[in-house]
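Enquirer: Listed here are the chains, written in short residue letters.
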Amino acid sequence: AQKVTQAQTEISVVEKEDVTLDCVYETRDTTYYLFWYKQPPSGELVFLIRRNSFDEQNEISGRYSWNFQKSTSSFNFTITASQVVDSAVYFCALSGAGAGGTSYGKLTFGQGTILTVHP
Amino acid sequence: DVKVTQSSRYLVKRTGEKVFLECVQDMDHENMFWYRQDPGLGLRLIYFSYDVKMKEKGDIPEGYSVSREKKERFSLILESASTNQTSMYLCASSEGGRSYEQYFGPGTRLTVT
Chain D
549 AQKVTQAQTE
559 ISVVEKEDVT
569 LDCVYETRDT
579 TYYLFWYKQP
589 PSGELVFLIR
599 RNSFDEQNEI
609 SGRYSWNFQK
619 STSSFNFTIT
629 ASQVVDSAVY
639 FCALSGAGAG
649 GTSYGKLTFG
659 QGTILTVHP
Chain A
376 DVKVTQSSRY
386 LVKRTGEKVF
396 LECVQDMDHE
406 NMFWYRQDPG
416 LGLRLIYFSY
426 DVKMKEKGDI
436 PEGYSVSREK
446 KERFSLILES
456 ASTNQTSMYL
466 CASSEGGRSY
476 EQYFGPGTRL
486 TVT
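Which chain is which? The protein sequence lines are D and A, in order. Each residue of the first sequence is one higher than the one before, starting from 549 at the first, in the numbering used here. Each residue of the second sequence is one higher than the one before, starting from 376 at the first, in the numbering used here.
Think of the hints as simulated: they come from the structure by calculation, not from any bench. Treat the hints with caution; some may be incorrect.
[As the list claims (entries may be wrong)] Think about it this way: if two alpha-carbon atoms lie no more than 20 Å apart in a straight line, the pair counts; the simulated EDC-like pairs of lysine to aspartate or glutamate are:
(1) D/Lys586 to D/Glu607
(2) A/Lys388 to A/Asp413
(3) A/Lys446 to A/Glu470
(4) A/Lys445 to A/Asp401
(5) D/Lys551 to A/Glu476
(6) D/Lys586 to D/Glu558
(7) D/Lys551 to A/Asp434
(8) A/Lys393 to A/Glu444
(9) D/Lys586 to A/Glu454
(10) A/Lys432 to A/Glu444
(11) D/Lys551 to A/Asp413
(12) D/Lys586 to A/Asp413
(13) A/Lys428 to A/Glu454
(14) A/Lys378 to D/Glu592
Here the structure is a predicted model, which means the values were calculated and not measured.
Please work from the sequences and hints to get the whole structure.
Expert: As structure tokens, this is what we get:
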């Protein structure tokens with residue numbers, strides 16, 4: 549069975565602070581994909597990044613960066629110099645092979661982390 | 376841009392009513408999904424479909440059914456709504472295969488009284 553754990557339920561920071569959102573996953577699959585989504589107050593989940601299990605290179609996109617470490621089964625997300633517009637719920641998710649390799653892209657989501665950035 | 380639309384943003388129904396939630400995507404995606412989102416529980420998969428007329432149960436299918444008669448449309452049905460089905464319902468679609476990201480609709484907040 550797959551599992552994604554986001555231990556931080558809520559994080560509150562002041563603008564311009566750096567913040568890291570933790571994500572730990574469990575899977576028996578050797579090939580899998582990890583995702584981060586952002587859910588702003590409007591409600592619609594927005595895709596941020598996908599990472600496959602064979603690519604452990606960290607990725608940076610503007611103020612966002614992701615640290616994937618297979619050794620600790622973690623895929624953490626850092627926002628540098630946070631802004632009020634970063635306030636949202638952030639979800640980490642995992643897509644594995646599924647039974648017989650036919651997962652059809654089903655995602656297992658973590659519980660989400662509510663990030664509030666104060667001006 | 377991929378567009379996933381849901382028939383209602385807010386819905387209020389009475390216990391025992393039959394409820395239909397509709398989802399339409401415009402990108403010819405093979406896969407479509409229905410989730411419910413509850414505080415502290417994240418998103419949980421109810422049902423998904425990988426082709427027209429094909430469906431599979433997710434993690435919490437009890438009390439729900441689905442229908443996919445056309446590729447672009449995926450409906451979630453609550454046969455007899457109950458108060459514990461009060462939740463946010465999210466529809467998503469993706470290309471075939473497990474490496475592709477899912478695109479989400481805006482959600483339907485359903486209240487069952």
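Enquirer: Next, verify each hint and record whether it holds.
Expert: A quick look at each hint next to the structure:
1. D/Lys586 to D/Glu607: This hinted pair holds, its Cα atoms lying about 17 Å apart.
2. A/Lys388 to A/Asp413: holds, 18 Å
3. A/Lys446 to A/Glu470: Holds, at roughly 12 Å.
4. A/Lys445 to A/Asp401: holds, 12 Å
5. D/Lys551 to A/Glu476: This hinted pair holds, its Cα atoms lying about 18 Å apart.
6. D/Lys586 to D/Glu558: holds, 14 Å
7. D/Lys551 to A/Asp434: Roughly 12 Å between the alpha carbons, so the hint for lysine 551 of chain D and aspartate 434 of chain A holds.
8. A/Lys393 to A/Glu444: holds, 19 Å
9. D/Lys586 to A/Glu454: The given pair, whose Cα atoms are some 32 Å apart, is violated under the 20 Å limit.
10. A/Lys432 to A/Glu444: Judged against 20 Å, a Cα distance of about 17 Å means the pair holds.
11. D/Lys551 to A/Asp413: holds, 17 Å
12. D/Lys586 to A/Asp413: holds, 16 Å
13. A/Lys428 to A/Glu454: holds, 19 Å
14. A/Lys378 to D/Glu592: holds, 11 Å
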